[in-house]
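Enquirer: Place chain B on chain A using the hints.
2 protein chains.
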Amino acid sequence: MSSDNPIGADNQQERPGFEQWVVGFVDGEGCFSVPIFRNPTCRLGWQVQPEFTVVQGGRSVHVLHELKQFFGCGRVGHNGRHDNHREDLFHFRVRSLGDHLRRVIPFFVANPLKTAKRDDFGVFADVVSMMAQRLHLTPEGLRRIAEMTQSMNRKAPSRFLESSEAIRQPPLSDRRGEEMVLAAWRHAED
Amino acid sequence: MSSDNPIGADNQQERPGFEQWVVGFVDGEGCFSVPIFRNPTCRLGWQVQPEFTVVQGGRSVHVLHELKQFFGCGRVGHNGRHDNHREDLFHFRVRSLGDHLRRVIPFFVANPLKTAKRDDFGVFADVVSMMAQRLHLTPEGLRRIAEMTQSMNRKAPSRFLESSEAIRQPPLSDRRGEEMVLAAWRHAED
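The listed protein sequences derive, respectively, from chains A and B. For the first sequence, this note's numbering puts the final residue at 190, and the numbers step up evenly by one. For the second sequence, this note's numbering puts the final residue at 190, and the numbers step up evenly by one.
A hint or two may mislead.
Since the list can't tell identical chains apart, any single copy or any two copies may satisfy a pair.
[Said to hold, decoys possible] Taking lysine to aspartate or glutamate pairs in the DMTMM-like style, the calculated list, with each CA pair at most 20 Å apart, reads:
no.: 1; residue 1: LYS68; residue 2: GLU51
no.: 2; residue 1: LYS68; residue 2: ASP99
no.: 3; residue 1: LYS114; residue 2: ASP88
Hints were generated in silico from the structure; no laboratory data involved.
Isolated chain A, as found in the complex (with noise of 0.2 Å):
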């Protein structure tokens, strides 16, 4: 880890233990989630989206606003959908690549998270390394992130591997992918 880590740095002194706090609710109620989508404008027709979100109800959006202060990237956004709650709900969301990268990454491997989530967070880390490394664009590469991903949590097949671009190429049986991306992660920690 960076050892000029700026992450919550003035929170911290002010409010010790807050990251034990966000690492506690990202547990809770934080979600980390590669989604791929269609995107016509993509080399390869297709976006690899990661993302980390937090929703909250309209009665705790200040810990949304807190959490974007914390991490000094991201933004705080009204969701248009209720999914049976009964106030309006609220999201905290990080999409860059870079924030991922000198932000959202480097917090999670210095202060762990404790649940299953933990393993999301694993896969979505690796994702990450990969497409800095551009391997995204790559139809090998794609593959296999669409694989990694499968496992994550999502209730929906993966709408790329169902797609005739993946189908038309053969499943990827050996581990050059995943030893790829643990090399990749190992030298951006470096």
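Expert: Just chain B, lined up with the frame of chain A:
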């Protein structure tokens, strides 16, 4: 707060910041509720049952056992319902009035929640304090508790307030009940 509060003493030493992880996790996943349901064995025919509950999927059941160890009370159990989740659900739940008074409430008074759940906790703590003084065994106290808990995280209206027992009584239009609770709570803190 009592200076010899034993909650999580061992854990705090081993894992600094675990208290704040607990606060964050409960801000995300915890629930303070005060269901009131018919029970013919109770003096007034209604039972008041303050509950502190945290629910997790099977992959994260280990954190519920950590909560049980941390608070030194409560039970971890299997939920009968799946509620649209793909995995089995488990709960950590505290129901004992003594455990609420000695373990749960002192912890969250010393380590306040940051989301709107803090309001639910406040009502929960007030009701527990009233019950410690056996006010729930009087018709006026029971009615007051039902009115206080109407604003909590409930979707259905109070069955007690809709019942004939409650309808026979005039509404509490003064603030006497609330003052009693506040006085009792201050007394309990001494």
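Enquirer: Now look at each hint and say whether the structure bears it out.
Expert: How the hints compare with the structure:
no.	hint	result
1	LYS68 x GLU51	within (14 Å within a copy, 32 Å between copies)
2	LYS68 x ASP99	within (12 Å within a copy, 36 Å between copies)
3	LYS114 x ASP88	between (29 Å within a copy, 18 Å between copies)
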